[in-house]
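Full structure from sequences and hints, please.
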Amino acid sequence: MSDPTFLEYVVFFSAAVMILGGAIGVITMKSPVHAALGLVLTLFGVAVQFVAMEAHFLAAVQVIVYAGAIVVLFLFVIMLLGVDETMDLSIEPIALQRPLAAVMGLGLIGLLGAAIVRARDMVVLNPGVDGIDVARETGDHDANLRQLAENLYGDHVFAFQLTSVLLIVAVAGTVLLTRKWPRGAGNPDTESSDA
Amino acid sequence: MIAAIGTSSYLLLAATLFTIGAFGLVIRRNPIIMFMCVELMLNAANLTFVALATQLGDINGQTSVFFVMVVAAAEVVVGLGILVSILRQRPGATADDLAELKG
Chain A
681 MSDPTFLEYV VFFSAAVMIL GGAIGVITMK SPVHAALGLV LTLFGVAVQF
731 VAMEAHFLAA VQVIVYAGAI VVLFLFVIML LGVDETMDLS IEPIALQRPL
781 AAVMGLGLIG LLGAAIVRAR DMVVLNPGVD GIDVARETGD HDANLRQLAE
831 NLYGDHVFAF QLTSVLLIVA VAGTVLLTRK WPRGAGNPDT ESSDA
Chain B
2 MIAAIGTSSY LLLAATLFTI GAFGLVIRRN PIIMFMCVEL MLNAANLTFV
52 ALATQLGDIN GQTSVFFVMV VAAAEVVVGL GILVSILRQR PGATADDLAE
102 LKG
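From first to last, the protein sequence lines stand for chains A and B.
Numbered by my numbering, the letters in the first sequence go through residues 681 to 875 in order.
Numbered by my numbering, the letters in the second sequence go through residues 2 to 104 in order.
Calculated from the structure, these hints are not laboratory results.
Quick caveat: nothing in here was measured; it's all calculated off a predicted structure.
We put the CB at the ideal spot given by N, CA and C, even for glycine.
It is possible that part of the hints are untrue.
To be verified - Stretch by stretch, here's where chain A covers chain B in the computed footprint (C-beta under 8 angstroms, at least three residues):
hint, region
1, 9–17
2, 22–29
3, 33–43
4, 51–64
5, 84–93
What the hints assert, rightly or not - Cβ-to-Cβ under 7 angstroms is the rule here; a few derived chain A residues that face chain B:
hint, residue
6, 688
7, 715
8, 719
9, 730
10, 733
11, 778
12, 836
13, 843
What the hints assert, rightly or not - Partial selection, computed: residues in chain B whose CB lies under 7 angstroms from chain A:
hint, residue
14, 6
15, 48
16, 70
17, 71
18, 75
19, 77
20, 78
21, 79
22, 81
23, 97
Written out as structure tokens, the structure is:
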């Protein structure tokens, strides 16, 4: 039982079941709150896979930002708008939509799977000497964080600063969109266009 | 690196997750659940990035995931803001009722 290979398989397949089960829950649950809980399951499964692939910082960010902030935002909106009533999924407003969607899904998974299987032998294994330091091999448990920080604040520092501009614009735009404008009868869309 | 489980397993898992997200985006009518399906697809892309970063020994893949997360957070904020302002005027609207952007 202490075989590390066996443990890796256990981690991979249990996390894969979490990911796929949560994803199927998102698209089949009638209530949006249950779908949000399925989304949490999927996001935690992805975080587990990140840890298994030695991306420790991204796993932490995944739990904090996705499973924490984004899902809470979803639940906030669901509760705020009171749209948590269940929808009847048996009605199909557009004829033939679901069979066509199934064809699209099967085609997508078929194409992606064929590409992955075909490219399996073409990707070179660990070519560079300056690869990712793995704590299991080097014994340095901060290696992932340090490498990511050097890459982010070294090579990509301008893009990093642009993301702050993006977040400011997103926050300001959301405030503009959702604010209730004081002259009550006015249409918020026309009011905000000249603001 | 990934000792026992090959990168192809991670890529196939990510492809399956992406397909489920795309399928759900097409068949569901609730706009909030459609947003969640977009998040599923973004997570599939992140999983692919990290798997290939590990395979190729390139930290730039993990940096890309960081940027994808930032953009996803901004996208959720703006999207849910639009959704709140629409659903405040028309409660219970589904994607079929929102065929035009005019309020």
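Structure-based check of all given hints:
| no. | hint | result |
| --- | --- | --- |
| 1 | 9–17 | holds (count 8) |
| 2 | 22–29 | holds (count 7) |
| 3 | 33–43 | holds (count 7) |
| 4 | 51–64 | holds (count 13) |
| 5 | 84–93 | holds (count 7) |
| 6 | 688 | 4 angstroms, holds |
| 7 | 715 | 5 angstroms, holds |
| 8 | 719 | 5 angstroms, holds |
| 9 | 730 | 6 angstroms, holds |
| 10 | 733 | 5 angstroms, holds |
| 11 | 778 | 6 angstroms, holds |
| 12 | 836 | 6 angstroms, holds |
| 13 | 843 | 5 angstroms, holds |
| 14 | 6 | 5 angstroms, holds |
| 15 | 48 | 6 angstroms, holds |
| 16 | 70 | 6 angstroms, holds |
| 17 | 71 | 5 angstroms, holds |
| 18 | 75 | 4 angstroms, holds |
| 19 | 77 | 5 angstroms, holds |
| 20 | 78 | 5 angstroms, holds |
| 21 | 79 | 5 angstroms, holds |
| 22 | 81 | 5 angstroms, holds |
| 23 | 97 | 6 angstroms, holds |
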